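*Asks:* So you can see what is in the structure, the chains are spelled out below.
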Amino acid sequence: MASGARNDGRFEPWKAPGAEPYIRIDRVTKKFGDFMAVNDVSLKIYKKELFCLLGGSGCGKTTLLRMLAGFEEPTAGKIFIDGVDMAGIPPYERPVNMMFQSYALFPHMTVEQNVAFGLHQDKVPKSEIRQRVTEMLDMVKLGQFGKRKPHQLSGGQRQRVALARALVKRPKLLLLDEPLGALDKKLREHTQFELVNLQEQLGVTFVVVTHDQEEAMTLSTRIGVMNAGEIVQVGTPSEIYEYPNSKFVAEFIGSVNMFEGRLIEDEPGHVRIHCPDLDGNVYVDHGVSSPPGAVVFAAVRPEKIVLSRDKPASADNMAHGIVKEIAYMGDMSTYLVRLDSGKMARVTQPNTWRHADDRITWEEPVYLNWHPSSPVVVSE
Amino acid sequence: MTGRAESPTSQRLSTGVQLILRVLHHFAPHRWTHARLLKWGVTGRTLVIAVPYLWLLLFFLVPFIIVLKIAFSETQIAMPPYQPLVHWVGDKAVNLTLNFGNFLFLLEDNLYWKAFLNSLKVAGISTFFCLLIGYPMAYAIARADSTKRNVLLMMVILPFWTSFLLRVYAWIGILKNNGLINNFLLWTGVIDQPIVMLQTDFAIYVGIVYSYLPFMILPLYSNLEKMDLTLLEAAQDLGCGPFKAFMKITLPLSMPGILAGSMLVFIPAVGEFVIPTLLGGPESLMIGKVLWTEFFNNRDWPVASAVAIALLIFLVVPIVYFQRVQARETGGGVHR
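Here the protein sequences come in this chain order: A and B. Following the numbering used here, the numbering of the first sequence begins with 1 at its first residue and continues without gaps. Following the numbering used here, the numbering of the second sequence begins with 1 at its first residue and continues without gaps.
Straight-line distance between alpha carbons at most 30 Å, and here's what the computed DSSO-like set of lysine-lysine pairs gives:
hint	chain 1	residue 1	chain 2	residue 2
1	A	31	B	148
2	A	31	B	226
3	A	343	A	304
4	A	78	A	48
5	B	244	A	123
6	A	247	A	185
7	B	244	A	172
8	A	78	B	244
9	A	44	A	15
10	B	244	A	149
Bear in mind the hints are in silico, worked out from the structure with no lab data behind them. Note that the coordinates shown come from a computational prediction; the quantities given were computed from them, not determined experimentally.
Could you put together the complete structure from these sequences and hints?
*Replies:* This is the structure we're talking about:
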């Protein structure tokens with residue numbers, strides 16, 4: 001995952017003590033009539049970050065973005081960009097540019113005119129406009145298409161025009177609303193990396209809204225997961241994936257097996273959970289902060305479960321079941337296993353060997369087991 | 001009827017009708033006609049299109065040819081009051097006399113030129129005011145919320161429920177010397193003499209702008225309503241204030257609507273006859289009125305027809321231009 005490489009460079013301004021956030025969203029609430037679109041959200045986003053707001057439709061992520069751009073005013077709370085209170089400042093006076101989900105290219109203007117539009121508003125000298133537009137179009141690899149109208153371009157080209165138009169003004173902050181939403185899968189993967197490269201090259205702070213968790217994982221330095229108008233977790237992609245703080249986040253990001261259970265042993269070094277759906281208990285090698293006897297969920301990712309025909313040595317962290325479905329996906333296979341309790345469990349196994357004649361197959365009884373570090377204990 | 005078009009309908013028909021259709025389908029003359037029509041390239045689709053074309057042919061092209069014929073003939077005191085174009089000379093030869101005198105007469109007598117230019121002026125100014133009043137109205141309706149929008153549109157269309165003639169007559173009651181406006185102004189003491197409004201050019205403008213305003217508003221509305229509002233947000237985001245965004249985005253994108261509305265007002269306004277007759281003064285010179293006078297008062301059918309043909313030719317030019325522009329705009333993909 002690209003994010004891993006990014007984190008190796010240790011770009012983690014949110015951990016630096018006393019670092020000044022570039023954007024400070026301070027207890028912002030937005031109501032449309034009775035509907036609470038954004039509910040008491042506080043966020044700090046730092047310079048040169050690529051921050052993703054991730055959530056399902058109607059979770060308030062776009063409303064939050066539109067408040068940053070200035071198209072909506074918060075009902076309560078304050079937004080500071082570069083230390084300046086944005087209250088009452090109209091969109092055309094903010095140091096912010098936005099890339100719209102529909103791209104919103106001006107249909108009556110050529111690509112060049114679209115890109116130059118923002119510079120004309122700033123009364124940039126003509127010769128400089130020409131130079132910057134050419135530079136920008138070359139950067140997004142559209143140098144040949146300057147004289148075309150938007151309807152003469154493909155979806156991917158339009159997306160790049162929209163990006164060029166937003167970036168040519170050299171904003172300190174670029175807001176992107178579902179930037180890759182309208183592209184097909186292949187193009188999307190390609191464009192993701194281009195976007196990240198461009199962002200690092202220009203040193204612009206990006207705030208991206210997306211409903212696509214894969215996109216969020218690949219692009220961002222940090223993700224803010226939103227649900228029903230609230231931020232439920234903020235963290236790096238791997239934090240969000242490996243350490244979800246709630247059942248919602250665990251289920252929203254990637255797929256996960258949720259085993260409901262009760263804490264029966266709670267030590268600082270480990271916990272044991274009794275799950276009626278499993279044959280043994282769940283043993284977790286780290287402490288959790290729930291009172292003994294509380295109802296909790298042990299979340300185990302499908303790729304962290306191992307399938308075997310032989311009974312595992314440990315009585316904990318295992319279950320017995322029968323393979324019901326196999327989805328072969330080339331690089332890996334997903335097995336749907338019906339446990340003896342009747343619960344369906346999802347397991348993914350990499351297809352390491354090309355010729356595996358003794359691969360586990362349909363209707364075969366199997367054992368599931370996982371390492372004690374794998375389960376994440378979350379509450380409702 | 002083609003077999004393809006028949007099948008879905010016949011499912012819904014009663015069994016009796018289905019039976020008749022099935023028998024008819026195997027009936028020799030029916031099959032023969034069907035096959036023959038298909039051979040000529042006549043299908044259900046062409047028949048559907050043919051009906052309106054036939055209608056236009058019959059009720060537009062044929063009368064137009066008759067008028068054209070009269071325009072090239074000479075006046076005579078008879079019934080009908082013009083000479084036929086075609087004479088039989090002896091048994092076999094045909095003598096065709098085309099008389100261009102009527103058209104030359106239009107050029108000689110500057111009455112026609114003046115009337116025509118004046119009509120263009122009146123129509124042009126009226127169109128300008130329709131646009132000035134209609135654009136904000138169309139804009140407001142297009143941006144109103146959807147429940148209000150229908151009510152507002154209804155109010156624009158509502159005057160059509162009353163006869164056009166009655167509405168123009170109503171303006172006489174409003175504008176005349178002891179009419180609504182003058183009486184009110186006299187009563188409030190703003191004036192002590194009634195302002196002469198009826199039978200002036202002012203009244204003609206009021207009448208035309210009032211009558212044709214919906215024709216300006218409706219195409220403008222349908223254009224403005226379709227506009228993608230995120231374009232305005234994008235313009236604002238790139239540093240445009242609301243007014244500048246309107247000038248740079250909304251206005252250019254509404255150009256097809258402006259053109260459509262202007263043509264719908266301008267073209268009929270040039271030939272307008274009722275409004276200048278009822279509201280204008282006796283000296284108000286408009287081509288529609290001149291045509292009426294030639295036809296009914298002077299009974300000079302050939303000159304009246306020549307005036308009609310000349311008017312048509314002058315109006316066809318802007319219509320063709322307008323269609324060109326529209327074709328270019330739609331081809332240019334104003335709406336993605």
